[in-house]
Amino acid sequence: MLKALTKSIWVFHVSAGSCNNCDIEILDCLTPRFDLERFGIQLIGSVRHADALLITGAMNKKSVPRMKKIYAQAPKPCVVVAVGQCALSRHMFRYSYNVEEPLDKILPVDLYVPGCPPKPEAIIDGIVKLVKKLRSGK
Amino acid sequence: MNIRERIKERLEGKILDWREFSTRRIYFSVEKEHLFETVKILFKELELRFVTASGLEAPSGLEIIYHFSFDRSGEIYSLRVFLEDKKNPRVDSITPIFPGAEWIEREIWEMLGIDFTGHPNLKRLLLAEDWPEGKFPLRREDEP
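Each protein sequence line maps, in turn, to chains A and B.
Quick note: the first sequence uses the working numbering, first residue 1, plus one each step.
Quick note: the second sequence uses the working numbering, first residue 1, plus one each step.
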């Protein structure tokens with residue numbers, strides 16, 4: 001079933017408390033220099049149309065319930081992509097009073113793209129790996 | 001007369017220490033009783049612009065620094081107020097002078113527990129709804 005999603009991935013971007021750096025790199029991927037839109041990868045305005053949920057930022061106490069709500073609204077099956085060190089491991093906010101758990105304790109994450117922020121090349125490489133994995137059906 | 005001399009003259013007797021870290025960054029402190037009046041003079045008479053305030057905890061007390069910019073010359077004047085009473089820190093709110101201070105005072109209140117007397121709307125700004133009352137995330141807890 002997930003295999004059917006690999007043709008033109010519609011992405012819903014959630015910033016769960018990021019510093020905007022990862023978000024700029026994501027924009028870089030989509031704009032003409034790297035132009036992922038050629039492959040049908042597009043940002044969309046509503047999570048109800050999404051094939052993939054792209055999450056940046058450390059999960060703080062206020063964004064976690066909202067994140068869960070957004071994930072519940074996404075049509076299943078749905079791929080969850082974590083971009084940036086904050087989304088992966090909370091990075092420098094690990095001991096913060098406001099950040100309790102990393103993202104993969106909250107939602108099932110399919111792809112991790114590390115970096116602070118990850119380069120567009122790294123994000124593209126991640127997508128290629130994810131698409132390959134989904135197509136092979138494992 | 002330039003702005004530096006005008007501030008010194010107008011606030012004579014109130015300024016506790018005056019330090020110039022560079023030609024454009026000047027710090028001075030006043031007693032907390034004089035804060036409201038000082039801010040009023042800086043804003044209304046000398047026409048400095050309020051940028052923001054920062055609150056911090058020092059070993060011997062709490063400190064608020066109000067940053068004012070004088071845009072005609074590009075100088076930043078930072079006004080320090082020191083609060084020794086850590087158990088019950090209290091200072092006059094400057095929101096009645098300019099509403100731009102409302103949110104930063106709310107944030108300092110919830111993060112450091114400094115009570116702003118005269119603030120029109122002192123309630124939570126950023127913390128989660130279920131954050132326990134009376135706990136302040138930027139205060140050290142291990143101290144008595």
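Everything labelled a hint here was simulated from the structure, so no lab data went into it.
A quick note: this is a predicted structure, and the numbers were derived from the prediction, not measured.
Note that CB positions come from ideal geometry on N, CA and C, so glycine has one too.
Don't take each hint at face value.
[To be verified] Calculated from the model, a selection of chain A residues having no Cβ within reach of chain B, i.e. all distances over 10 Å: (1) I24; (2) L36; (3) K62; (4) I70.
[Claimed, not checked] Restricting the straight-line Cα-Cα distance to at most 30 Å, the calculated cross-link-like pairs of lysine-lysine (DSSO-like) are: (5) A/K62 - B/K8; (6) A/K7 - A/K62; (7) A/K69 - B/K135; (8) A/K62 - B/K40; (9) B/K86 - A/K62; (10) B/K123 - B/K135; (11) B/K135 - A/K61; (12) A/K68 - B/K123; (13) A/K68 - B/K86; (14) B/K8 - B/K40; (15) A/K105 - B/K86; (16) A/K61 - A/K119; (17) A/K132 - A/K7; (18) A/K61 - B/K8.
Comparing the hints with the structure gives:
| no. | hint | verdict |
| --- | --- | --- |
| 1 | I24 | holds (23 Å) |
| 2 | L36 | holds (34 Å) |
| 3 | K62 | violated (5 Å) |
| 4 | I70 | holds (17 Å) |
| 5 | A/K62 - B/K8 | violated (45 Å) |
| 6 | A/K7 - A/K62 | violated (34 Å) |
| 7 | A/K69 - B/K135 | holds (28 Å) |
| 8 | A/K62 - B/K40 | violated (37 Å) |
| 9 | B/K86 - A/K62 | holds (28 Å) |
| 10 | B/K123 - B/K135 | holds (14 Å) |
| 11 | B/K135 - A/K61 | holds (15 Å) |
| 12 | A/K68 - B/K123 | holds (27 Å) |
| 13 | A/K68 - B/K86 | violated (39 Å) |
| 14 | B/K8 - B/K40 | holds (15 Å) |
| 15 | A/K105 - B/K86 | violated (38 Å) |
| 16 | A/K61 - A/K119 | holds (28 Å) |
| 17 | A/K132 - A/K7 | holds (11 Å) |
| 18 | A/K61 - B/K8 | violated (46 Å) |
Going down the numbered hints, you'll see the structure goes against 3, 5, 6, 8, 13, 15, 18, while the others check out.
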